[in-house]
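There are 4 protein chains.
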Amino acid sequence: MIVVTKPDISDERIEEIVQYIERAGVQPHVSRGTDRTVIGIIGKADPSLAEHLRSMRGVEDVIKISKSYKLASRDFHPDDTVIEIKGVKIGGDELVVMGGPCAVESPEQIDEIARLVKAAGGQILRGGAFKPRTGPYSFQGIGVEGLIMMAEAGRKHGLLTITEVMTPEYVDICAEYADILQVGTRNMQNFDLLRKLGTIKTPVLLKRGFSATYDEFLNAAEYILAGGNPNVILCERGIRTFEPYTRNTLDLAAIPSLKTLSHLPIISDPSHGTGRRELVEPMAKASVAAGADGLIIEMHTDPDNSMTGDGVQSLFPDQFAALLKDLEKLAPIVGKRFDTPKAPAEAFREWKK
Amino acid sequence: MIVVTKPDISDERIEEIVQYIERAGVQPHVSRGTDRTVIGIIGKADPSLAEHLRSMRGVEDVIKISKSYKLASRDFHPDDTVIEIKGVKIGGDELVVMGGPCAVESPEQIDEIARLVKAAGGQILRGGAFKPRTGPYSFQGIGVEGLIMMAEAGRKHGLLTITEVMTPEYVDICAEYADILQVGTRNMQNFDLLRKLGTIKTPVLLKRGFSATYDEFLNAAEYILAGGNPNVILCERGIRTFEPYTRNTLDLAAIPSLKTLSHLPIISDPSHGTGRRELVEPMAKASVAAGADGLIIEMHTDPDNSMTGDGVQSLFPDQFAALLKDLEKLAPIVGKRFDTPKAPAEAFREWKK
Amino acid sequence: MIVVTKPDISDERIEEIVQYIERAGVQPHVSRGTDRTVIGIIGKADPSLAEHLRSMRGVEDVIKISKSYKLASRDFHPDDTVIEIKGVKIGGDELVVMGGPCAVESPEQIDEIARLVKAAGGQILRGGAFKPRTGPYSFQGIGVEGLIMMAEAGRKHGLLTITEVMTPEYVDICAEYADILQVGTRNMQNFDLLRKLGTIKTPVLLKRGFSATYDEFLNAAEYILAGGNPNVILCERGIRTFEPYTRNTLDLAAIPSLKTLSHLPIISDPSHGTGRRELVEPMAKASVAAGADGLIIEMHTDPDNSMTGDGVQSLFPDQFAALLKDLEKLAPIVGKRFDTPKAPAEAFREWKK
Amino acid sequence: MIVVTKPDISDERIEEIVQYIERAGVQPHVSRGTDRTVIGIIGKADPSLAEHLRSMRGVEDVIKISKSYKLASRDFHPDDTVIEIKGVKIGGDELVVMGGPCAVESPEQIDEIARLVKAAGGQILRGGAFKPRTGPYSFQGIGVEGLIMMAEAGRKHGLLTITEVMTPEYVDICAEYADILQVGTRNMQNFDLLRKLGTIKTPVLLKRGFSATYDEFLNAAEYILAGGNPNVILCERGIRTFEPYTRNTLDLAAIPSLKTLSHLPIISDPSHGTGRRELVEPMAKASVAAGADGLIIEMHTDPDNSMTGDGVQSLFPDQFAALLKDLEKLAPIVGKRFDTPKAPAEAFREWKK
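Protein chains in written order, with the UniProt record's numbering: chain H, 1 to 353; chain G, 1 to 353; chain D, 1 to 353; chain R, 1 to 353.
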């Protein structure tokens with residue numbers, strides 16, 4: 001940590017700051033420059049020291065050299081984390097594809113989509129039972145019933161399941177039915193929810209807040225890790241910018257950047273990341289080329305009539321299958337492995353749009 | 001609502017869309033242009049219709065003409081909402097000032113600060129008992145004890161109190177001790193918290209999410225209003241931009257804009273909105289000039305040693321008192337009223353920094 | 001300047017960096033911390049040294065403590081710069097108001113608007129002869145003829161004039177006719193234009209790029225100052241954010257921030273900064289309350305038929321006059337002076353919208 | 001085009017707007033809704049009509065259905081544009097790689113780098129002779145001499161050349177020496193420069209402004225096309241966001257989006273787009289996977305001592321060669337072709353970092 005002082009600071013004030021640092025149990029090293037004096041701090045300081053120093057008179061800036069997160073950092077854990085769930089490994093050399101509708105709507109809908117996800121080569125079924133919606137009058141999901149329908153469809157077709165959990169009180173029931181719990185972009189800093197997820201062992205897919213920095217994203221992961229749950233999967237899903245054409249701006253540099261900063265697996269969500277069906281395929285491929293460990297993709301058999309209106313970004317089943325075929329060829333070029341069933345074409349014939 | 005079709009849409013597909021709209025119980029009006037066909041929709045449509053239409057093949061865009069929020073809209077409620085709490089009116093011609101520390105630290109601290117807020121002319125004491133923090137290792141507030149200390153200090157010095165609530169399960173206890181409950185910027189779309197706040201009558205100060213649009217902000221307010229609690233106060237607290245000098249970019253145009261779109265009171269937070277003590281005074285004045293109904297300002301007797309490190313943006317007591325004296329002169333020019341005690345100078349002599 | 005090294009750097013590499021710094025003629029001070037080694041640099045380094053160091057292997061970051069601009073910095077020039085043009089002082093205790101149409105359209109139009117600006121109390125007439133337009137098919141201004149019309153209108157009504165210059169080759173002719181030259185937001189980093197403006201003495205109003213940081217803004221001013229023209233006026237005109245309701249987000253904290261960092265005068269443009277007529281008045285007042293030295297405001301006698309379509313953000317003459325009356329009351333509260341003519345009401349009777 | 005009126009508009013005002021539209025030579029179609037009246041406009045309107053209508057009283061919004069650019073639009077030109085320069089085709093099924101230093105520094109430097117670009121399989125040599133720099137005290141390029149050095153190196157090694165032009169007066173001399181002229185991000189809306197480039201036939205690589213929307217980007221291209229130069233290559237190079245870790249946020253969704261909106265070739269700049277050497281390789285691959293027609297990549301033999309300090313984002317020659325080997329495998333998966341020389345390893349042995 002480095003304290004930069006204001007140009008007009010008095011020697012007395014520098015001395016007070018130095019003594020303050022010493023009382024905190026770390027060592028100050030004063031260097032006087034042409035314009036300013038800087039005070040380097042050596043030793044493991046309490047995380048709040050930087051904040052206190054920044055608020056002291058005479059201090060212009062405090063620059064942290066060490067990171068504020070520990071367990072999420074690659075410095076702390078140099079090897080890639082690989083999370084294994086019933087034989088599916090996330091974060092290793094296998095590419096993982098999660099597919100499914102925005103919302104679970106009926107047993108028939110989720111069963112049919114699960115069949116198609118499996119036939120195309122996906123390993124995990126996604127689907128929302130509880131939906132966070134911008135306005136109170138929009139469809140909010142069908143709740144626990146949806147969890148049950150999705151668990152049944154996953155079991156039947158041999159798929160893991162992932163679903164979003166929005167509030168601490170629903171964590172236990174969601175964990176009972178789903179293999180992976182998802183924290184949505186709006187809840188990335190819902191700290192009580194993160195703390196609750198730290199108390200279980202179910203893997204958590206943590207979506208980046210749509211205006212969160214990498215540092216804040218890893219600090220959010222740190223809440224879950226620090227609570228005792230080591231199974232965190234990061235997910236880039238687009239950030240908010242001034243560009244109106246796309247729903248969000250998918251920040252693919254986040255993938256190699258977070259791989260450098262952290263050991264956690266990271267997947268990409270090209271559906272929410274673009275908000276446009278025709279962009280899902282190129283951005284899915286780009287995500288894998290950038291080093292993603294997996295993808296989460298919306299697919300629907302009848303997007304025109306999806307209950308959430310997110311159909312606009314859902315692939316049709318045949319598009320989903322074709323994309324997975326391409327990923328099978330692309331994956332090896334970036335050191336990953338992905339296998340699709342030999343003859344899935346039959347399964348998708350009826351779904352040509 | 002207006003549906004814009006793609007240039008190459010077939011007549012059959014237009015007919016299908018028209019029938020879909022009719023089945024939704026509203027009237028489609030088709031106009032064929034040189035490039036595209038547009039379908040105007042007349043009648044009160046279900047909020048999800050736009051989303052469904054947007055996801056249909058052949059549709060390029062759906063433009064909403066009516067707003068998605070109702071109770072928060074000025075169209076619905078043309079007169080300004082004025083919220084009265086124990087004689088203090090928020091949203092009328094009285095300017096309201098909320099002052100206090102980032103976090104309640106001890107009975108002595110909050111009592112002394114309450115005395116100074118009152119002496120300067122403030123009407124409401126702010127202070128955090130539960131603190132949302134980016135990282136899990138930072139100070140998280142002293143909890144319920146802090147609520148009790150603040151309630152006692154408010155009562156003793158004749159001030160209303162406001163405190164942040166972070167999770168649905170703490171709403172009831174916070175409402176027992178505080179006069180106003182604050183929803184922080186990271187929780188603006190914590191929909192379960194908003195729904196819970198809709199079930200009580202305690203006024204809620206809702207901070208704008210740091211990347212929320214006006215439309216999303218008013219939809220968040222709509223959650224509380226739709227639940228049955230009409231007492232919502234909006235708060236502009238800065239948005240995230242690319243500028244690193246300030247902690248956030250205080251968007252003051254939000255004040256007159258939200259006054260146009262909504263009838264709810266709106267106050268400004270120049271402390272979090274800038275993150276720099278020396279910018280609080282000019283931006284507080286600018287907020288009032290832009291039409292704010294009030295201000296929420298951090299003030300601390302010993303910012304160097306504040307427990308959260310937010311001291312860097314806290315005013316010293318004498319700065320706080322001087323600002324309020326200036327606001328007394330400024331308020332009448334924009335049609336507001338604000339009175340400070342006749343001779344507060346004594347109270348602040350000892351606090352000159 | 002401080003060099004932060006990577007955690008795994010070798011002693012040999014540190015020594016190479018140290019020698020590199022010494023060869024640049026400045027002094028390195030090495031401090032070894034728990035995680036990393038930092039190298040402080042003392043002495044006046046060449047501006048490119050930081051860039052070179054940042055690109056060296058083993059270097060994680062280079063933190064500049066001194067600013068990259070000098071002549072624009074308040075450290076270099078502690079007193080406020082006051083620019084006097086024919087008796088009008090910009091940057092002192094006088095508030096300056098520039099008013100006029102987006103584009104000069106005809107001798108009659110600019111003469112009538114000049115008369116109204118003067119009657120309302122404005123000191124400077126604005127008007128565009130050369131217009132930067134997003135698309136090539138939009139109206140691009142009437143050129144030199146417009147300069148002549150505006151100069152004549154200014155002379156007749158006793159107003160200074162300001163106009164935008166877009167390219168180095170037009171600087172001389174614009175300077176012949178106008179008292180102040182404006183650099184538009186899209187040209188803030190048109191370095192050849194800035195360099196040309198550094199060779200004359202005509203005052204330059206430099207608009208902030210719509211995505212420029214304060215640091216880049218002051219570096220752009222530095223180009224003009226370094227060329228030999230000390231007469232630079234800064235102008236905040238809004239930045240681009242994700243909010244669609246306003247055309248830009250007027251960053252009023254830029255005003256006190258730039259006053260701290262620099263000695264140059266700064267004015268505000270609430271017309272382009274909001275893009276909505278009804279927001280101009282509150283944001284003009286807020287700008288003055290935040291410490292602006294002046295305002296540049298679009299006013300038009302017939303906004304419905306303005307040639308650029310910027311009429312949507314132009315005030316009607318009576319709104320302009322009423323705003324200036326209010327500014328007369330507001331200015332003294334923030335230490336400024338502004339006088340409007342005793343009885344301007346007559347002049348505006350016919351212009352009530 | 002659709003005009004949305006304010007809720008409280010009078011019938012008389014609607015009639016005035018209707019007549020105004022009719023006088024503009026197009027047809028208004030009025031539809032009265034529950035809340036508002038909308039007026040659809042049919043026929044080819046003058047581009048300024050929307051702007052005029054937006055500024056009229058009683059109008060809330062004007063929504064353009066047709067695009068403001070024509071020649072750049074895929075509607076106008078359905079087939080992909082392929083630009084052929086001395087046998088190299090940009091925009092077809094060949095992937096194009098431009099490599100070289102940020103700035104030309106000496107004949108030896110550019111000759112050596114040209115040799116390595118060729119050996120690795122690149123087709124085009126990049127290098128700056130005129131450099132746009134944020135501050136006036138940074139290295140500004142070596143000028144015309146650099147153009148000559150680069151032309152010579154290109155000729156000798158069989159590479160096309162590309163260089164940046166910053167001002168209209170240098171267009172002709174740059175076009176004499178280079179095969180492609182580059183417009184930098186800060187000059188995307190330097191309209192006089194764009195107009196000048198429209199008068200020649202030399203291909204222009206137009207970089208997206210770092211805060212430009214797709215619509216503004218294509219309007220900037222339209223300036224060049226409308227002037228008579230059909231040879232425009234678009235380049236995504238990152239936009240400015242709040243994320244500090246990367247220099248810019250490379251918006252790869254721009255690639256398939258611009259391919260949908262326009263027929264022009266588009267390439268990606270992962271060097272400026274990330275500002276970090278270690279991110280160039282994954283983002284180069286992701287760009288190709290997203291559908292880019294080519295890449296422009298910084299490569300330097302001695303990044304530690306590059307004159308611009310951009311060495312931090314320059315690849316070492318062996319990294320550059322290894323990346324191109326990988327692209328050879330990746331290209332066919334997305335329908336492109338890219339060939340590297342059979343045995344380049346020798347050429348790079350000495351350049352292992």
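Think of the hints as simulated: they come from the structure by calculation, not from any bench. Be aware that a few hints might be false.
Note: identical chains are not told apart, hence a pair may lie in one copy or across any two.
Unchecked claim - Dumping the calculated DSS-like pairs for lysine-lysine here, alpha-carbon to alpha-carbon at most 27 angstroms:
| no. | residue 1 | residue 2 |
| --- | --- | --- |
| 1 | K6 | K70 |
| 2 | K336 | K325 |
| 3 | K342 | K201 |
| 4 | K201 | K64 |
| 5 | K44 | K201 |
| 6 | K342 | K64 |
| 7 | K89 | K44 |
| 8 | K89 | K336 |
| 9 | K329 | K70 |
| 10 | K64 | K6 |
| 11 | K70 | K89 |
| 12 | K86 | K342 |
| 13 | K342 | K329 |
| 14 | K86 | K201 |
| 15 | K86 | K156 |
| 16 | K6 | K67 |
| 17 | K44 | K64 |
Exercise for the section: Hint by hint, work out which the structure violates, then give me just those numbers in ascending order. Expected result: 3, 4, 5, 6, 7 and 9
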